[in-house]
Structures are given as C-alpha cells and as structure tokens.
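Go ahead and model the full structure; you've got the sequences and the hints to work with.
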Amino acid sequence: MPGLIKIRLSIRFTRDPHVSTRIVTSVLGPEFPEVMRAAVHGDETAFARLWRDNQPPLLRYLRVVTGESAEDVASEVWLETSRRLARFRGGEGEFRAWVFTTARRRVIDLRRYADRHPMLVTGELYELDRPAPDDAAAAALERMSTEAALELIASLPREQAEIIVLRAIAGLDATQVARMVGKRPGAVRVAAHRGLRTLAARLAAASDKQHLTREWHDEPRP
Amino acid sequence: MSPGHDLPSARRPAARRAGSRPLTASDTERLLAGHRARPEAATTHHLLTGLLDSAAGPASDQELAGEVAAVAAFVLVSGGRAPRSAWFRGAGAAGGPGGPGAVGRRAPVIAAGIAAAIVVGLSGAAAADALPSPIQELAHTTFGAPAPRHSVPLPRATVPSGSSGPVTSPGLTSQAAKGKAKAKGKAKASAKASPSPNGLAHGKKKGKAVPPGHQKT
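Residue numbers (the numbering used here), protein chains in the order written: chain A, 1 to 222; chain B, 1001 to 1217.
A portion of the hints provided could be inaccurate.
Said to hold, decoys possible - Under 10 Å between C-beta atoms, here's a sample of chain B residues computed to sit facing chain A:
{"id": "1", "residue": "Thr1043"}
{"id": "2", "residue": "Ala1069"}
{"id": "3", "residue": "Val1071"}
Claimed, not checked - Chain A regions said to be covered by chain B (calculated; three or more residues, Cβ under 8 Å):
{"id": "4", "region": "97 to 105"}
{"id": "5", "region": "162 to 175"}
Claimed, not checked - Not everything, but these chain B residues come out facing chain A in the computed CB check (under 10 Å):
{"id": "6", "residue": "Thr1024"}
{"id": "7", "residue": "Ala1025"}
{"id": "8", "residue": "Glu1067"}
{"id": "9", "residue": "Glu1137"}
Please keep in mind that the hints were generated in silico from the structure rather than gathered at the bench. Quick reminder that beta carbons are idealized off the backbone N, C-alpha and C, glycines included.
Here's what the structure looks like:
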C-alpha cells in the first residue's frame, strides 16, 4: 500500500503540467507484467492491486450506463475476470479494455433481462431520481464533485455518455472504444464531440444563470 | 432551456467571456486525452476540463470499499490454481520474457516432441522385430518391416511321396504363411501353400524350387 501511494505521488509530480491529473493514467506501468503474472498464479495482493486500479473507473462507467445496479454488475465483472485471468494476454491498457468489454457485455445482458421482464414503471428507476440536465449542470458547476460530474454526463444520450466515459474516465482510445461498441473510430470521435458540445452548452447555460443570479443580488435596489 | 437564453446576449456573462469560438474536433480529442484547455481557450473549454477532471478524479473510499469481498471472491475462484513449478512456468518465473502464456505457447512444441519420440520408437522396434505379432505384421505390410518371427516354429510336415495333402514349406510356419498370403494376395498364397504336383517343395526363397533329393533336413 505505501508503494502504491508512492507510485501515485511520483506520477503526479512528474506529469506534464498541461495534462490534467486523472486516475485514468496507468498506475502500475512497468510493474504491470509482474503483477499480472503473480495474479494469474493466485497472488491475492497482486489481484488487489489490479482491482484498486480498475474498480473506480469501472464503477463510474457502470453508474453512468446502469445507475443503481453498478455495484452488482461490477462484482459480476470481477468474478468473471478472476475466472478468465489466466487467458488474458497484453499490457495494462489492454487489460483495462478487457475489463470494460466484460462490463459492457454484462450491461447488455442486464438490459436484455430488463426488456424480457418489463416493470410497471416507465423508464428505469435510477433515471427517475436523476436531476434534470440543467440542474445537473448547475450542481456540477457548484460542487465540481465526481458524483455531480457523472450525473451531468449521464444526462446525455446513452451512446454519447458511454463513449465519453470510456474515453475520459477509462482512458481508452478511440480505436479501443470503437472495437467495444462496434462502430468505426470516426463515429466514436463524432459521438464524443457531440456529447462534449452538449455538455459545454449546458455548463455555459448554468454558468450564465449563476452570474445572472449574482448580478441580480448585487444590483442596487431603488 | 436556461432562463439566460431568453436574455439578450449582452446580459449573458459567460457567453460574453467565452466568445463565440466553438468546440472543435481537435479540442475534443485534447480534452478527452486528459490535456488541459489552453489558457486562451474559451471559458466553456475550461468548464469542460473541470467537469472531466471531476468525473475522473481520485478514487473515493466508498468506491474502494468492496476490495475485501472482491479479493475473497478471487481466492474462491482461483482456489484450485496451485502455483506451478519454475520449469513449467517457463522463463517468466525467472524474470525473463515469458509470462502467463508460457505454458500455452510451449504446449504444441511439447506435444510434437512426444509424438516424434513415439514414431521413432515404434519404427525402431518394428525394424528390430520387437513388436507384438499383430503390430509387427501391420508394420510389415505397411512399410516393409521384417515379418514377425515366432519362437516356437511349427513342426515340419513330412510328406509321403504321392501324398496329395498340403505341404508346408520348411521353415515357414503356418501363421507366417497366412501373413504372406495376406500380403501377396490370395492367389500367390494359395500357390505357395498348395502341394507340388511333382513332389517339389517350395523353399524359403521365393520362386526357388528344391528337388526332393536336395531338400534340407
């Protein structure tokens, strides 16, 4: 654990100042092959390191695409990953793409199950609890917390939200995402661009509203 | 729609600060790749950077709360996966370029080696006539290995002169004769095993007839 903290800190301080500090940056780096080898041979500590690196972005992705079921689906994903770990070939980026591909398949299974077993409520339950896009944008501006940001992204059309999360949070490139979602890399870039443009418009609108409110409060009353 | 959109543009502070520069495809790629917006970029770009940074921010304790359960499930699933010997793990175990797939990559080579060893061993045994009779017979008919020999030869048939009974060639057992008959065809075999009308017996060598007076005892 202290080693992990040390690695995180060293990455943070040696990073290009123009690149933001996101958790998507690979943490294990050159240690990954050794950690993976140990995990394949049943080393719990090595598996825990893989889990700690990938669980937060996985959970955030699942929150955006499935809502309340995120933790259950994540557990199933890790169970399947544990079973098939010996079959994995590749580096750290490929491992993350592999985990997210497994997660996406689970999400599709979940949606199919929901389609076969319709409930009386229209729409999904988690969507009923979600704030309207404008409120989510205002909350994201005010709090700038992870939850508020995820809520705002989740207010986008499903495909755009999924692609933005896979690219910005999971750290996958357009080619990897295209392979996952069965589209061309160009189509993935276009969807991400549209999604970000929508987010930018909502944020700008929320920012305008905040400024207007402040101006209204600051204006001298006759 | 936000109430701000109903106001004249001069009353929109964010829009005024941001200018009218829209988000381009290259801006999108920069932001998604984790690069910060340029200082001169529009305000919305900075807002987007903040949003994506927040979405991909450091892990919370709540997100990492399931670690114990996940590791327990891993142990349960990988319980039967005992550590293998260093040789079987390949060079990866010694820190070399091998890895989890070392065994998988070696499997075809190992199988081919075992198959080659079996083929060579069987060929050698067939050449030395050391295989069991049916297999030796098969090798004999298939690729010309020596015919199977027998430790207890059948007693030589003594044929009285003028007898019309079947004569077995000296030194050629009935079983070997059957084997040859299979190999050479029924016609040839019957010719070999049939009694000589003139009392000549067939010798060991093909096509050589031995006169009665010269027959070896």
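Now the hints, each set against the structure:
| no. | hint | in the structure |
| --- | --- | --- |
| 1 | Thr1043 | holds, 7 Å |
| 2 | Ala1069 | holds, 7 Å |
| 3 | Val1071 | holds, 5 Å |
| 4 | 97 to 105 | violated (count 0) |
| 5 | 162 to 175 | holds (count 6) |
| 6 | Thr1024 | holds, 8 Å |
| 7 | Ala1025 | holds, 6 Å |
| 8 | Glu1067 | holds, 6 Å |
| 9 | Glu1137 | violated, 47 Å |
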